[in-house]
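Heads up: the protein sequence lines correspond to chains B and C, in order. 91 is the number that the numbering used here gives to position 91 of the first sequence; each next residue is one higher, with no gaps. 6 is the number that the numbering used here gives to position 6 of the second sequence; each next residue is one higher, with no gaps.
Check the hints yourself; a few may be wrong.
As the list claims (entries may be wrong) - Here are the simulated DSSO-like cross-link-like pairs (lysine-lysine), alpha carbons at most 27 Å apart as the crow flies: (1) 70(B) x 94(B); (2) 62(B) x 82(B); (3) 94(B) x 24(C); (4) 13(B) x 82(B); (5) 49(C) x 3(B); (6) 62(B) x 94(B); (7) 70(B) x 3(B); (8) 49(C) x 94(B); (9) 13(B) x 62(B).
Said to hold, decoys possible - Some chain B residues judged to face chain C by a derived CB distance under 8 Å, without partners named: (10) 2; (11) 5; (12) 7; (13) 10; (14) 42; (15) 90; (16) 97; (17) 102; (18) 104.
Keep in mind that the hints were calculated from the coordinates and are not lab data. Ideal Cβ placement from N, Cα and C applies to all residues, glycine included.
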Amino acid sequence: DMKVTQMPRYLIKRMGENVLLECGQDMSHETMYWYRQDPGLGLQLIYISYDVDSNSEGDIPKGYRVSRKKREHFSLILDSAKTNQTSVYFCASKGAETLYFGSGTRLTVL
Amino acid sequence: AQSVTQPDARVTVSEGASLQLRCKYSYSATPYLFWYVQYPRQGLQLLLKYYSGDPVVQGVNSFEAEFSKSNSSFHLQKASVHWSDSAVYFCALRGSALGRLHFGAGTQLIVIP
């Protein structure tokens, strides 16, 4: 079964705390993405990973970093979270025909 | 530059009525075009895609879309909507097979039973 799994589903953090969002896929896809979704803005690309330790900035990378040490796992890290990073974060992996999305992590930074 | 515009933030239709969700794109060549659907508390799922050939493409759940190069459009259509079609629909563009996907802001579809 082709699946992208994101953990956790909901997360509440205080401003200045570190945040780790995790994503896994079971399809051995090389390319994975992190997006954030905000009302009226659609999905904005934060980072792309083309394979292990091969990461590239997307359109809005500031305030974020990523880690990909295994092909099946792609993490998004917020060092010292800010209130404007409150959003829904989606991970996706790239198949031959389409992107496969996880169910998202709703992050609230207070 | 590549961009996608979905001019309608929200569309409300009655069950059984026909539907058109609009998508306009900006790209210098013929792009790869997609429609995705997002049901509540879920990730996006592919509805249909256009790469080349017949400008009318069929997708899942009786959705179809028509590509128009002259109008730079890729509108999504359905002849008769069901209440379960209520969701957010995203149009997306990719300039090449390996390019990044650019999403529109999305259109929320509300189907009234």
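Take the shortest C-beta to C-beta distance between residue 2(B) and chain C; is it under 8 Å?
Constraint on residue 2(B) not satisfied, violated at 12 Å.
Quick check on the hint: residue 90(B) CB to chain C CB, less than 8 Å?
holds (6 Å)
Hinted pair residue 13(B) and residue 62(B), Cα distance within 27 Å:
The hint holds at about 19 Å.
Does the closest beta carbon of chain C sit nearer than 8 Å to the beta carbon of residue 104(B)?
holds (6 Å)
Pairwise hint evaluation, residue 94(B) against residue 49(C), where the allowed Cα distance is 27 Å at most
holds (15 Å)
Any CB of chain C closer than 8 Å to the CB of residue 97(B)?
Since chain C brings a Cβ to about 7 Å from residue 97(B), closer than 8 Å, the hint holds.
Interface hint for residue 102(B), Cβ within 8 Å of any Cβ on chain C:
Status holds, d = 5 Å.
Given the proposed pairing of residue 70(B) with residue 94(B), does the C-alpha separation stay at or below 27 Å?
holds (16 Å)
Going by Cβ atoms only, is residue 5(B) closer than 8 Å to chain C?
violated (10 Å)
Going by Cβ atoms only, is residue 7(B) closer than 8 Å to chain C?
violated (14 Å)
For a C-alpha distance cap of 27 Å, please report whether residue 13(B) and residue 82(B) respect it.
Holds: residue 13(B) and residue 82(B) sit about 9 Å apart, inside 27 Å.
Checking one constraint from the list: CA of residue 62(B) to CA of residue 82(B), max 27 Å. Satisfied?
holds (11 Å)
In the structure shown, a violation is registered for the earlier hints numbered 10, 11, 12, 13, in ascending order.
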